[in-house]
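This note's numbering numbers the first residue of the sequence shown as 1 and each following residue consecutively.
Calculated from the structure, these hints are not laboratory results. In this text, all values refer to a predicted model and were calculated from it rather than measured experimentally. Take these hints with a grain of salt, some might be off.
Capping the alpha-carbon separation at 30 Å, the derived lysine-lysine pairs in BS3-like fashion look like this [stated by the list, open to error]:
| # | residue 1 | residue 2 |
| --- | --- | --- |
| 1 | Lys141 | Lys110 |
| 2 | Lys162 | Lys193 |
| 3 | Lys162 | Lys110 |
Ranges of calculated distance between the beta carbons of each label pair, as one might list FRET restraints [what the hints assert, rightly or not]:
| # | residue 1 | residue 2 | range |
| --- | --- | --- | --- |
| 4 | Thr66 | Pro140 | 46 to 54 Å |
| 5 | Arg112 | Asp246 | 48 to 56 Å |
| 6 | Ser173 | Ile82 | 23 to 31 Å |
| 7 | Phe232 | Arg112 | 45 to 53 Å |
Every residue gets a Cβ at the ideal spot worked out from N, C-alpha and C, and that includes glycine.
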Amino acid sequence: GHKSYVPNMISGASQADIGVLVISARKGEFETGYERGGQTREHVLLAKTLGVAKLVVVINKMDEPTVQWSKERYDEIEGKMIPFLRSSGYNVKKDVQFLPISGLCGANMKTRMDKSICSWWNGPCLFEILDKIEVPLRDPKGPVRLPIIDKYKDMGTVVMGKLENGTIREGDSLLVMPNKTHVKVTGINLDEKKVRRAGPNENVRVKVSGIEEEDIMAGFVLSSVANPIGAFTEFNAQLQILELLDNAIFTAGYKAVLHIHSVVEECEIVDLIEEIDMKKAKVTDPKKKKTKRKPLFVKNGAVVVCRVQVYTFKTSLVIS
1 GHKSYVPNMI
11 SGASQADIGV
21 LVISARKGEF
31 ETGYERGGQT
41 REHVLLAKTL
51 GVAKLVVVIN
61 KMDEPTVQWS
71 KERYDEIEGK
81 MIPFLRSSGY
91 NVKKDVQFLP
101 ISGLCGANMK
111 TRMDKSICSW
121 WNGPCLFEIL
131 DKIEVPLRDP
141 KGPVRLPIID
151 KYKDMGTVVM
161 GKLENGTIRE
171 GDSLLVMPNK
181 THVKVTGINL
191 DEKKVRRAGP
201 NENVRVKVSG
211 IEEEDIMAGF
221 VLSSVANPIG
231 AFTEFNAQLQ
241 ILELLDNAIF
251 TAGYKAVLHI
261 HSVVEECEIV
271 DLIEEIDMKK
281 AKVTDPKKKK
291 TKRKPLFVKN
301 GAVVVCRVQV
311 YTFKTSLVIS
(Lines of atoms letter the chains of each structure in order from A; the text may use other names.)
(Lines give C-alpha, C1' and ligand atoms only; values in the text may rest on other atoms or scores of the structure.)
Protein backbone atom coordinates (compact mmCIF):
# COMPACT_ATOMS: atom_id res chain seq x y z
CA GLY A 1 0.00 0.00 0.00
CA HIS A 2 0.89 3.68 -0.36
CA LYS A 3 1.78 5.83 2.67
CA SER A 4 -1.27 8.01 1.96
CA TYR A 5 -3.56 5.08 2.78
CA VAL A 6 -1.96 4.13 6.11
CA PRO A 7 -4.73 5.90 8.12
CA ASN A 8 -7.32 3.76 6.29
CA MET A 9 -5.28 0.65 7.05
CA ILE A 10 -5.18 1.61 10.74
CA SER A 11 -8.95 2.04 10.85
CA GLY A 12 -9.52 -1.37 9.24
CA ALA A 13 -6.86 -3.27 11.18
CA SER A 14 -8.14 -1.96 14.51
CA GLN A 15 -11.36 -3.93 13.92
CA ALA A 16 -9.66 -7.14 12.74
CA ASP A 17 -8.52 -10.32 14.50
CA ILE A 18 -6.86 -11.78 11.39
CA GLY A 19 -4.67 -9.98 8.88
CA VAL A 20 -3.75 -10.98 5.32
CA LEU A 21 -0.39 -9.47 4.35
CA VAL A 22 -0.06 -9.46 0.56
CA ILE A 23 3.53 -9.41 -0.72
CA SER A 24 4.60 -9.14 -4.34
CA ALA A 25 7.03 -11.83 -5.52
CA ARG A 26 8.04 -9.72 -8.55
CA LYS A 27 11.73 -8.87 -8.62
CA GLY A 28 12.29 -5.49 -7.00
CA GLU A 29 8.77 -5.03 -5.63
CA PHE A 30 9.27 -7.19 -2.55
CA GLU A 31 12.62 -5.55 -1.90
CA THR A 32 11.09 -2.04 -2.07
CA GLY A 33 8.42 -2.91 0.48
CA TYR A 34 10.81 -4.81 2.74
CA GLU A 35 13.66 -2.30 2.94
CA ARG A 36 13.83 -0.03 6.00
CA GLY A 37 10.95 2.41 5.85
CA GLY A 38 9.05 0.22 3.36
CA GLN A 39 5.31 -0.34 3.53
CA THR A 40 5.57 -4.10 4.18
CA ARG A 41 7.49 -3.46 7.40
CA GLU A 42 5.19 -0.63 8.46
CA HIS A 43 2.03 -2.68 7.89
CA VAL A 44 3.37 -5.62 9.92
CA LEU A 45 4.26 -3.38 12.86
CA LEU A 46 0.93 -1.56 12.70
CA ALA A 47 -1.00 -4.83 12.52
CA LYS A 48 0.73 -6.20 15.62
CA THR A 49 0.34 -2.91 17.49
CA LEU A 50 -3.38 -2.74 16.64
CA GLY A 51 -4.04 -6.22 18.00
CA VAL A 52 -4.10 -8.35 14.84
CA ALA A 53 -3.12 -11.62 16.51
CA LYS A 54 -3.04 -13.93 13.46
CA LEU A 55 -1.33 -13.19 10.16
CA VAL A 56 -1.59 -14.92 6.77
CA VAL A 57 1.33 -13.91 4.55
CA VAL A 58 0.25 -14.23 0.93
CA ILE A 59 3.08 -14.18 -1.61
CA ASN A 60 1.32 -12.92 -4.73
CA LYS A 61 2.30 -12.57 -8.41
CA MET A 62 3.99 -15.97 -8.40
CA ASP A 63 2.94 -16.32 -12.05
CA GLU A 64 4.89 -13.19 -13.04
CA PRO A 65 7.49 -13.82 -15.81
CA THR A 66 10.44 -12.99 -13.53
CA VAL A 67 9.18 -15.52 -10.94
CA GLN A 68 7.32 -18.34 -12.77
CA TRP A 69 6.33 -20.12 -9.55
CA SER A 70 9.96 -20.38 -8.44
CA LYS A 71 10.35 -22.17 -5.11
CA GLU A 72 13.69 -20.44 -4.66
CA ARG A 73 12.03 -17.01 -4.84
CA TYR A 74 9.27 -18.11 -2.45
CA ASP A 75 11.82 -19.48 0.04
CA GLU A 76 13.90 -16.29 -0.26
CA ILE A 77 10.93 -14.08 0.67
CA GLU A 78 9.80 -16.39 3.48
CA GLY A 79 13.36 -16.55 4.83
CA LYS A 80 13.58 -12.76 5.02
CA MET A 81 10.12 -12.24 6.48
CA ILE A 82 10.29 -14.80 9.32
CA PRO A 83 13.03 -13.02 11.38
CA PHE A 84 11.30 -9.67 10.90
CA LEU A 85 7.92 -11.07 11.97
CA ARG A 86 9.54 -12.55 15.09
CA SER A 87 11.18 -9.22 15.93
CA SER A 88 7.77 -7.55 15.52
CA GLY A 89 6.30 -9.78 18.22
CA TYR A 90 4.64 -12.58 16.23
CA ASN A 91 4.97 -16.23 17.17
CA VAL A 92 5.69 -17.43 13.63
CA LYS A 93 5.05 -21.14 14.26
CA LYS A 94 1.73 -20.53 16.01
CA ASP A 95 0.26 -17.34 14.56
CA VAL A 96 1.66 -16.93 11.02
CA GLN A 97 1.06 -18.93 7.83
CA PHE A 98 2.69 -18.44 4.42
CA LEU A 99 1.36 -19.47 1.03
CA PRO A 100 1.94 -18.66 -2.67
CA ILE A 101 -0.89 -17.39 -4.90
CA SER A 102 -1.66 -15.65 -8.15
CA GLY A 103 -4.39 -13.08 -7.68
CA LEU A 104 -4.55 -12.52 -11.44
CA CYS A 105 -5.49 -16.08 -12.36
CA GLY A 106 -6.90 -17.09 -8.94
CA ALA A 107 -4.40 -19.89 -8.34
CA ASN A 108 -4.38 -21.31 -4.78
CA MET A 109 -7.09 -18.95 -3.57
CA LYS A 110 -10.51 -20.64 -3.56
CA THR A 111 -9.31 -24.12 -4.51
CA ARG A 112 -6.04 -25.93 -3.90
CA MET A 113 -3.09 -25.46 -6.20
CA ASP A 114 -3.14 -27.29 -9.53
CA LYS A 115 0.03 -29.42 -9.64
CA SER A 116 0.47 -28.58 -13.31
CA ILE A 117 0.94 -24.93 -12.26
CA CYS A 118 3.06 -25.40 -9.13
CA SER A 119 4.32 -28.90 -8.37
CA TRP A 120 6.11 -28.11 -5.10
CA TRP A 121 3.21 -26.62 -3.08
CA ASN A 122 1.28 -29.20 -1.04
CA GLY A 123 -0.38 -26.89 1.46
CA PRO A 124 -3.92 -25.49 1.72
CA CYS A 125 -5.39 -22.65 -0.33
CA LEU A 126 -6.12 -19.17 1.04
CA PHE A 127 -9.82 -19.73 1.74
CA GLU A 128 -9.06 -22.98 3.63
CA ILE A 129 -6.60 -21.18 5.88
CA LEU A 130 -8.99 -18.33 6.62
CA ASP A 131 -11.86 -20.72 7.39
CA LYS A 132 -9.78 -22.73 9.88
CA ILE A 133 -8.23 -19.87 11.85
CA GLU A 134 -9.76 -19.56 15.30
CA VAL A 135 -10.63 -16.00 16.31
CA PRO A 136 -10.50 -14.85 19.95
CA LEU A 137 -13.67 -15.51 21.92
CA ARG A 138 -15.58 -12.51 23.22
CA ASP A 139 -18.19 -12.46 25.94
CA PRO A 140 -21.76 -12.21 24.57
CA LYS A 141 -22.99 -11.66 28.13
CA GLY A 142 -20.46 -8.94 28.90
CA PRO A 143 -20.92 -5.16 28.75
CA VAL A 144 -21.73 -3.74 25.32
CA ARG A 145 -18.79 -2.18 23.48
CA LEU A 146 -19.40 -0.91 19.96
CA PRO A 147 -16.82 1.63 18.67
CA ILE A 148 -18.63 3.81 16.13
CA ILE A 149 -16.88 4.14 12.77
CA ASP A 150 -19.62 6.12 10.99
CA LYS A 151 -23.13 7.50 11.38
CA TYR A 152 -25.92 8.78 9.12
CA LYS A 153 -29.60 9.73 9.05
CA ASP A 154 -32.24 7.31 7.77
CA MET A 155 -35.62 8.01 9.37
CA GLY A 156 -33.62 8.45 12.56
CA THR A 157 -30.00 8.17 13.66
CA VAL A 158 -27.99 5.12 12.53
CA VAL A 159 -24.51 4.21 13.83
CA MET A 160 -22.14 1.66 12.30
CA GLY A 161 -19.34 -0.41 13.78
CA LYS A 162 -18.07 -3.80 14.91
CA LEU A 163 -19.59 -5.10 18.14
CA GLU A 164 -16.50 -5.99 20.19
CA ASN A 165 -18.27 -7.28 23.29
CA GLY A 166 -21.73 -8.01 24.63
CA THR A 167 -25.07 -8.41 22.85
CA ILE A 168 -27.36 -5.71 21.48
CA ARG A 169 -31.11 -6.31 21.29
CA GLU A 170 -33.89 -4.25 19.81
CA GLY A 171 -35.40 -2.17 22.62
CA ASP A 172 -32.17 -2.00 24.69
CA SER A 173 -31.28 1.20 26.52
CA LEU A 174 -27.61 2.09 25.93
CA LEU A 175 -25.20 4.94 26.50
CA VAL A 176 -23.24 6.88 23.87
CA MET A 177 -19.83 7.72 25.33
CA PRO A 178 -18.12 10.04 26.03
CA ASN A 179 -21.04 12.50 25.90
CA LYS A 180 -23.10 10.21 28.20
CA THR A 181 -26.27 10.41 26.11
CA HIS A 182 -28.92 7.77 26.84
CA VAL A 183 -30.33 6.17 23.68
CA LYS A 184 -32.78 3.40 22.81
CA VAL A 185 -32.12 0.76 20.14
CA THR A 186 -34.97 0.87 17.60
CA GLY A 187 -33.48 -1.33 14.87
CA ILE A 188 -30.50 -3.59 14.04
CA ASN A 189 -29.18 -4.58 10.60
CA LEU A 190 -26.56 -7.17 9.64
CA ASP A 191 -25.59 -6.44 6.05
CA GLU A 192 -29.01 -5.77 4.48
CA LYS A 193 -30.93 -8.08 6.81
CA LYS A 194 -33.01 -6.71 9.68
CA VAL A 195 -32.46 -8.68 12.91
CA ARG A 196 -33.62 -8.43 16.52
CA ARG A 197 -30.21 -9.02 18.13
CA ALA A 198 -26.49 -8.98 17.33
CA GLY A 199 -23.52 -10.56 19.11
CA PRO A 200 -19.74 -10.07 19.37
CA ASN A 201 -17.58 -9.82 16.22
CA GLU A 202 -20.50 -8.75 14.03
CA ASN A 203 -20.42 -5.61 11.89
CA VAL A 204 -23.74 -3.94 12.52
CA ARG A 205 -25.85 -0.90 11.77
CA VAL A 206 -27.84 0.15 14.83
CA LYS A 207 -30.70 2.65 14.67
CA VAL A 208 -31.08 4.62 17.89
CA SER A 209 -33.45 7.25 19.25
CA GLY A 210 -32.62 9.97 21.77
CA ILE A 211 -29.66 11.53 19.95
CA GLU A 212 -29.10 13.53 16.78
CA GLU A 213 -26.70 12.36 14.09
CA GLU A 214 -24.61 15.56 14.36
CA ASP A 215 -23.97 14.87 18.07
CA ILE A 216 -22.07 11.65 17.27
CA MET A 217 -18.46 11.45 16.08
CA ALA A 218 -16.39 8.55 14.77
CA GLY A 219 -14.64 7.13 17.81
CA PHE A 220 -17.60 7.43 20.16
CA VAL A 221 -18.63 4.12 21.75
CA LEU A 222 -22.08 2.60 22.21
CA SER A 223 -21.89 1.19 25.71
CA SER A 224 -23.88 -0.51 28.47
CA VAL A 225 -25.60 1.83 30.92
CA ALA A 226 -24.74 -0.32 33.95
CA ASN A 227 -21.09 -0.75 32.97
CA PRO A 228 -20.09 2.18 30.74
CA ILE A 229 -16.70 2.46 29.11
CA GLY A 230 -14.19 4.85 30.69
CA ALA A 231 -13.52 8.30 29.26
CA PHE A 232 -10.24 10.20 29.63
CA THR A 233 -8.41 13.24 28.32
CA GLU A 234 -4.98 11.91 29.37
CA PHE A 235 -3.46 8.43 29.57
CA ASN A 236 -0.13 6.61 29.59
CA ALA A 237 0.89 4.72 26.45
CA GLN A 238 3.84 2.59 25.37
CA LEU A 239 4.89 3.70 21.90
CA GLN A 240 7.40 2.41 19.39
CA ILE A 241 8.84 5.22 17.29
CA LEU A 242 8.93 3.95 13.70
CA GLU A 243 9.67 7.15 11.83
CA LEU A 244 9.99 10.83 12.71
CA LEU A 245 9.73 13.44 9.98
CA ASP A 246 13.01 15.15 9.03
CA ASN A 247 14.86 13.32 11.83
CA ALA A 248 12.92 15.28 14.46
CA ILE A 249 13.22 14.32 18.13
CA PHE A 250 10.32 12.95 20.15
CA THR A 251 9.97 14.90 23.38
CA ALA A 252 7.43 16.57 25.67
CA GLY A 253 5.43 19.02 23.57
CA TYR A 254 5.49 16.82 20.45
CA LYS A 255 2.18 17.07 18.58
CA ALA A 256 0.77 14.16 16.57
CA VAL A 257 -2.43 12.53 15.31
CA LEU A 258 -3.72 9.69 17.46
CA HIS A 259 -5.42 6.58 16.03
CA ILE A 260 -7.24 4.26 18.50
CA HIS A 261 -9.86 1.89 17.02
CA SER A 262 -12.07 4.36 15.10
CA VAL A 263 -10.75 7.51 16.82
CA VAL A 264 -8.62 9.96 14.84
CA GLU A 265 -7.72 12.95 17.02
CA GLU A 266 -4.93 15.45 17.51
CA CYS A 267 -2.87 14.92 20.64
CA GLU A 268 0.21 16.14 22.47
CA ILE A 269 2.94 14.30 24.35
CA VAL A 270 3.04 15.97 27.75
CA ASP A 271 5.72 13.81 29.41
CA LEU A 272 8.22 11.04 28.66
CA ILE A 273 8.08 8.59 31.55
CA GLU A 274 10.46 5.77 30.64
CA GLU A 275 12.51 4.51 27.70
CA ILE A 276 12.49 0.72 27.34
CA ASP A 277 15.43 -1.28 26.02
CA MET A 278 13.60 -4.20 24.37
CA LYS A 279 16.77 -6.32 24.03
CA LYS A 280 17.58 -6.06 27.73
CA ALA A 281 13.92 -6.48 28.68
CA LYS A 282 13.90 -9.96 27.12
CA VAL A 283 16.91 -11.22 29.11
CA THR A 284 16.45 -9.34 32.38
CA ASP A 285 15.62 -11.41 35.46
CA PRO A 286 11.97 -10.52 36.24
CA LYS A 287 12.74 -10.84 39.98
CA LYS A 288 15.24 -7.98 39.80
CA LYS A 289 13.81 -4.52 40.23
CA LYS A 290 14.09 -2.53 37.01
CA THR A 291 15.55 0.95 37.23
CA LYS A 292 13.53 3.41 35.22
CA ARG A 293 15.40 5.78 32.92
CA LYS A 294 13.46 8.98 32.34
CA PRO A 295 14.56 10.43 28.98
CA LEU A 296 14.42 14.04 27.81
CA PHE A 297 13.88 12.88 24.23
CA VAL A 298 14.01 9.76 22.03
CA LYS A 299 14.68 9.14 18.33
CA ASN A 300 13.67 6.66 15.62
CA GLY A 301 13.45 3.05 16.78
CA ALA A 302 12.96 3.84 20.46
CA VAL A 303 10.28 2.28 22.67
CA VAL A 304 9.00 4.74 25.24
CA VAL A 305 6.26 5.05 27.86
CA CYS A 306 4.76 8.52 27.71
CA ARG A 307 1.84 10.64 28.86
CA VAL A 308 -0.57 11.53 26.05
CA GLN A 309 -3.10 14.35 26.17
CA VAL A 310 -6.02 14.65 23.76
CA TYR A 311 -6.88 18.32 23.44
CA THR A 312 -9.15 18.67 20.40
CA PHE A 313 -11.85 16.16 21.41
CA LYS A 314 -15.07 17.89 22.48
CA THR A 315 -15.19 16.11 25.81
CA SER A 316 -12.87 13.17 26.34
CA LEU A 317 -11.51 10.05 24.67
CA VAL A 318 -13.08 6.64 25.24
CA ILE A 319 -10.60 3.82 25.77
CA SER A 320 -11.59 0.19 26.15
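Hints, one by one, checked against the model:
1. Lys141 with Lys110: Measuring from Cα to Cα gives roughly 35 Å; hence the hint is violated.
2. Lys162 with Lys193: Holds - the C-alpha atoms of Lys193 and Lys162 are around 16 Å apart, at most 30 Å.
3. Lys162 with Lys110: Status holds; Cα separation ~26 Å.
4. Thr66 with Pro140: 46 to 54 Å: holds, 50 Å
5. Arg112 with Asp246: 48 to 56 Å: For Arg112 and Asp246 the Cβ distance comes to about 49 Å; the hint holds.
6. Ser173 with Ile82: 23 to 31 Å: Once the Cβ atoms are compared, 50 Å apart, the range 23 to 31 Å for Ile82 and Ser173 is violated.
7. Phe232 with Arg112: 45 to 53 Å: holds, 50 Å
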